[in-house]
Structure formats: C-alpha cells, structure tokens
Amino acid sequence: MTVKQFFKSNAFKSLAVLLAIVIIAGGLLAIFNDLLFVSDEERFNRTIEKIYGGSATVEETLTITDENGTFDKGAVSAAYKMSDGNYLIHSSGKGGYGGDVYLWVVVIAENGKFGGIEKVLLDTSDGETLLGNFRDSFYENFTKHNDELVEGKYFGTSGSDVINNVVTGTTLSSNAMCNAVNTAIDFFKSAVLGEEVVSYTYLYEKYVDMTQTTIERDFAANSVTLRIVMQANGIAPSIAFDVTVKDGAITAFEATKPFVQQYDETKIDESLRNGTYFVGKTAEEIAAALPDGETLDPAKLEGLGLATGASRSSESFFRAAAFATANFEAFFAPENLTYASYVDFEQSTFTWNYTEGNEVKMHIVMQANGIAPSIAFDVTVKDGAITAFEATKPFVQQYDETKIDESLRNGTYFVGKTLEEIAAALPDGETLDPAKLGGLGLATGASRSSESFFRAAAFALSNYTFYLTGGEQA
Amino acid sequence: MNKYVKTAVDGLITNNATFKLVLGTCATLALTTSAINGVGMGLSVTAVLLLSNVVISLLRKVIPNTVRIPAFIVIIATMVTILRMALDKFLPDLYDSMGVFLPLIVVNCIILGRAEAFASKQPVLDSAIDGVATGLGFTAALTIMGVIRELLGSGSFFGIQLWDFKIGFFTSSAGAFFVYGMCIALFTLISNRVEYAHRARKARELRVPAEGPLDAPGISAKEEA
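Here the protein sequences come in this chain order: U and L. Residue numbering for the first sequence follows the numbering used here, beginning at 1 and increasing consecutively. Residue numbering for the second sequence follows the numbering used here, beginning at 1 and increasing consecutively.
The shape of chain U in the complex, shown without the other chains (with noise of 0.2 Å):
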C-alpha cells in the first residue's frame, strides 16, 4: 500500500475520525471542568451550610500532621474550631467496600471535655457503592449514644462491648463508617485534650494482659488455642486460662494457675472452674451473660450458681470466654495480608509468645510456584527481623535443593533480614529480580523455588506485626 493509498483508505479515515472525535470530547471536558470546578473552598462552604445552615463559622483551623492525624482504623485530614465550641472534624475510616470512606464529624467539646457526638455528614466516598443504603437514622444514630461515648464506648458494626451501628447488606461501609467517627473521636480526645488514646485490636482486650497473652491459630482445624492472662478485676487477681475455640465454639476451657497470683478457686462454681460450663458455647451466648458487654448478669447464667465473694473472679472467667469467641474470626483474617496469595493457610502455622519478646514463630507453607513444588519454611521474627529461617520437607513434595545456594537453604542468608532488603528483591511484590540479590547466585534450574524463599520471608516479615498482635498488616 503507498503512501497515498494509506491517506485514502477506510482504516485512515476510521482513525482521523476517532482522533477527531477523542480531541473534541477532550477539549469539551476541559471547558467544562473549568466552568464546573468545585473548588475545596466552595466544598467546604457547602458543609458548613449544611451542617449549621450559616449558624456557625469557623474560629480557628487545627493543624494536622502525621503524628496527631493518624490511627489505626482511619486518618483526620482536617479540624477546625467552630464559633459554637465544638470541633469540625474531617476524618476517613478505613475498612470500606471499595475504599476508604470520609466523613464530617461535629464532636461536642463540654467544658473542657468530650461530649459526644453532634451531626455526621457523609462527604466523599467514592468506591462504595451502596451508599443509597445509608438513610438519615444511620447518621443520626451516631448521636444518640453520647453518654456511652462520654464512658469510653465505640461504635461497631458487631460484639458486644460496641455501640453497634450496621446497615445490614453493607457491613463494609458501616464498618468504615464507623471507623471514621471513631477516628474523629479519637483525635478530639489526643489532639485537642491531650489524652492518650488507647485503641484496641480485639473485642474485650482492655480485660486482658495482652503481653502475657499468647494465641495459636490452626488454620487447617479452624481452631486457635489461647493462653489468657486477664487483668486484675477490682480485688479479684489477675487469672489465666488455657481456651482453645473451634468453629467459633469453645472446645476446651481451663483456669490455669502457674503464672498468676492464686485465687479463691473454692467460691467459684465448679462449672467454670473445669471449664464444662463453657465448652460448646458461642460468643452470642456468652455475650448474653454480660449484657452491657463487662458486667456479669447473674439473671442470664441458667441456674449457674454464683457464690457471694467471688463474683469478680466469675466475671474474669466470662470476659476471657467472650475475649476467645468474639474474636474468633478476628484471630485469623489472613485474607488481606501481603504476599498472602503464596500461602497455603491450611498447613500453615503462626504461633505469637510475648514471653519470648517481641517474636513470632511461623510454620509457612508456600503454594506451588509454577513448576516448583510447594515448600516449608519454619521462620522466627522478631522486633521486624529475621531471626531464623529453615526450609523444611516433611509434609510437602521433594524439591531440588541440590540447586539454591545453600545460604539460602541453610537460611543464613536471610536471617538479619528486614522487610526493605527482602523487598527489594521481589521489585513488581512478586517476582524474583536476580540483580537485586547483592550478588547470591541463582542456579538455573531452581528459581521459581528460589522465589518461595523470598516470598515466604517476604510474607514473614510483612505480616510480623499482623501475628504479633492479631491486628492489623504491617
């Protein structure tokens, strides 16, 4: 075809037209973007309106760094001082469908103190998708706990110890809804009274000493075996337990005494103490015998006999019983770890032990990496590096050992290791850059299984702080 016929042809024509067509609409679009902006100003002024209708102003903007901006459940972007008193805080929650979801969040400030909650108001969230859902009693709902909140409370979307609030079919965004408020809760309380915020990754661990505590998942048996040291209850000491929860029900619950101070065993039924009372029970039924979500109700214990001098100690034994249940799911929730696609949680193990430091022992079992079978790696982290690291075959395929450099074998090479370096040699977060190695050799022959290495101890170290205490990733 010449040249003059290219310019003649349909395929030329199709495409000058195209062209054509795509730089108009481009050029349109940005005389209209330029005649519709809405600018942050104009965004703002429209909160404003809406949120006090021109009955308040702004008094004095809060300054928002990292350090007071950012918690664990979501952000504070912006804050100001209203002419009324209270706080406008503009706050994200983390946990959404498609994203993180921001809110404005009026917080009463009484006297020098936190009051509660006066309006909330939806501003962007763009990934959701059934924000239709939301009516006004859902937003209005945030504010007709005050006295909870006043207590200490937050709201939920599930357990007991929360103040639920969940639209049912979109839990997600509730949750991220809820983390929000959360966070603007949170910062009034750091960042303009000066408190220290404690948040808690599990449900009714304010009951529990989470630095003795040690959990054990199962996730082939769907179990987790727990070692709970509760706190002191008022003169009651501080008592373990030995729980291990299965499908969400409790299989075997012991009071143990080894690491705690002794305790008036005598007064307390003899149910709890051997732990029959609660094996088979769930968290709803256990949730019911502390109806406020720390109180127990003696009315709801079906005929338990609850001795005079000993109801604190009782109370210990049900906080650890609904510490176990409630967060059964919230124990293992892998499905959001980094590097977790190359992981068969089914043989996997994690098992975190504060007594040992800040460490987490780690049975990983890779998934087959293309031509490479699946491998093991038995792997200890600990304060953010590697500290050991072991292949291991028994329950998974042969693989050609002969050929992966044997520092990785033998795992010297990654022991010292931090997250960064292992990184590094997974560029794209999952394939092997051989010149990012610092020189180890790659056999041919053996770099898929050489990729598991590097990805198990990429998941190990990425995922350290997740075991370490059953929140949320590194």
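In short, the hints are calculated from the structure, not lab data. Certain hints may be false.
DSS-like cross-link-like pairs, simulated, lysine-lysine; straight-line CA separation at most 25 Å [claimed, not checked]:
no.	chain 1	residue 1	chain 2	residue 2
1	U	8	U	119
2	U	13	L	3
3	L	3	L	166
4	L	20	L	6
5	U	13	U	81
6	U	189	U	206
7	L	121	U	13
8	U	153	U	119
9	U	144	L	166
10	U	4	L	61
11	L	3	U	8
12	U	361	U	382
13	L	121	L	6
14	U	267	U	300
15	U	119	L	89
16	U	50	L	6
17	U	206	U	246
18	U	113	U	144
19	U	417	U	361
20	U	119	U	206
21	L	3	L	20
We have chain U already, so just place chain L on it with the hints.
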C-alpha cells in the same frame, strides 16, 4: 400514528427499557431504595441519552462503521462526565447519593443500545425524541420501583416519613429483585391486555365492511374478539 408519537410511545411504553427490554438492570436494582434516587438516576440517564443520541445522529454519516462503537463510547463517556461535573456543581446531594453508579452510566446498555439501534441510523429530531422517551420510560420505571421499595422498606415517600412500619426486605438486594420481578409481571400483564384490546378493536374495524356495524343484531364485541 404520527411517527414522532410512535417513537415516543415506543420508548416510554412499548419498548420500555426497564420493564420490557430488561436493560440497565444494575442501576435499577441498586438505586431504587428510594424514589428520589430513582428519579435522579432516571433523569441523569435521560439527559445523557438525549445528548448522546443527538450527537451520534449528527455524526452518523461521518463516523465510519468500523469504529462506531469506540466512537459512541467516547461520546457517551464525555456526556456522562459533563453530567457528573454539573451534578457535583449544582446538585451535590444527588451526586453523592448516586455514588459509583453515576460514572457507570457510561456502560448502561440502554444508552449504547439506543445509539447503535436508533441514533446512528435516524435523523436528529427522531433521535432526540427517542432519547427523551426512552429516558423518561426508564425514569418512570425507576420511580415506580423506588416508590414501592421506599414505602414498604422505609415507610416514607420521597423522603417524607409516613409511618414507622418497615419491611427491611424491600431495601435489600433480594427485595429489589422481588419488586423488579413483580413490576415486570404487572407491566407484561397490563401491556398484554392493552395489546389484546387493541387487536380486538382492529379486528372489529377490519370486519365492519364485510359484516356490518358492531351493534348489528347478533354480533357482540366479545364474540368478535
């Protein structure tokens, strides 16, 4: 029947995009939890349909057949983006309530469907009428569903609380499918009855010359049908 009237009736009723052709289902199910959302979405689609139909009709002799679909999509996407900007500027509450479904109008089958089946082949005025009629048919359908779901699911009508009685099912996804199915059934029933009556009337008219007037002794309208 005047061709413009026929085009309008087709878009509004005979080929109603929602209840007859079952198009634009995603937005229909998701945004009819309240009547105002239904109206908002319907009018937004109507605006885009009108503009895109007009532009595509104007360009129908310029756009080569081989690139018509990408060209249509670019035009529709432009219209939708302009609509988004306008709503954000002038109706921010509606803009917020429609969320992600507003940009998704770009892939609404109704719009591309009318562009491909009608606007790319018909003059501008016809295309404009088709766009408005189809859009209003969609709006009416969404409004009807929105009213039903809001009344039963939230006890309110266009945001005005009427009673405390609520059936949560109607605001759920399952409730949306249920109401949608019931509306389609009712629409089909009514349109079949109307068509039946129309055919009967036609039949009567056709028989008049051969058998005399309908009110002639021994012939009733029912027997004719």
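Query raised in the report: Taking 25 Å as the top limit, are the C-alpha atoms of residue 121/L and residue 13/U close enough?
Result: The given pair, whose Cα atoms are some 20 Å apart, holds under the 25 Å limit.
Query raised in the report: Would the pair residue 153/U and residue 119/U pass a check requiring their Cα atoms to be no farther apart than 25 Å?
Result: holds (17 Å)
Query raised in the report: Keeping to a limit of 25 Å between CA atoms, is the pair of residue 13/U and residue 3/L held or broken?
Result: violated (34 Å)
Query raised in the report: Holds or violated: are the alpha carbons of residue 8/U and residue 119/U at most 25 Å from each other?
Result: violated (65 Å)
Report task. Compare the distance between the alpha carbons of residue 4/U and residue 61/L with 25 Å, and conclude whether the hinted pair is satisfied. Result -> holds (23 Å)
Query raised in the report: Within a Cα-Cα threshold of 25 Å, do residue 13/U and residue 81/U meet the stated pairing?
Result: Given pair residue 13/U, residue 81/U is violated - Cα atoms ~61 Å apart, limit 25 Å.
Query raised in the report: If you draw a straight line from the CA of residue 361/U to the CA of residue 382/U, is it 25 Å or shorter?
Result: holds (9 Å)
Query raised in the report: Under the criterion that the straight-line Cα-Cα distance not exceed 25 Å, is the pair residue 189/U, residue 206/U satisfied?
Result: Measuring from Cα to Cα gives roughly 18 Å; hence the hint holds.
Query raised in the report: If you draw a straight line from the CA of residue 20/L to the CA of residue 6/L, is it 25 Å or shorter?
Result: Satisfied, since the Cα-Cα distance of roughly 16 Å is no more than 25 Å.
Report task. Take a quick look at whether residue 113/U and residue 144/U sit within 25 Å of each other, Cα to Cα. Result -> This hinted pair holds, its Cα atoms lying about 18 Å apart.
Query raised in the report: Quick one, are residue 144/U and residue 166/L close enough, alpha carbons at most 25 Å?
Result: holds (21 Å)
**Report entry** Holds or violated: residue 417/U to residue 361/U, with C-alpha atoms at most 25 Å apart
**Finding:** The hint holds at about 16 Å.
When held up to the earlier numbered hints, the structure conflicts with 1, 2, 3, 5, 11, 16 and 20 and fits the remainder.
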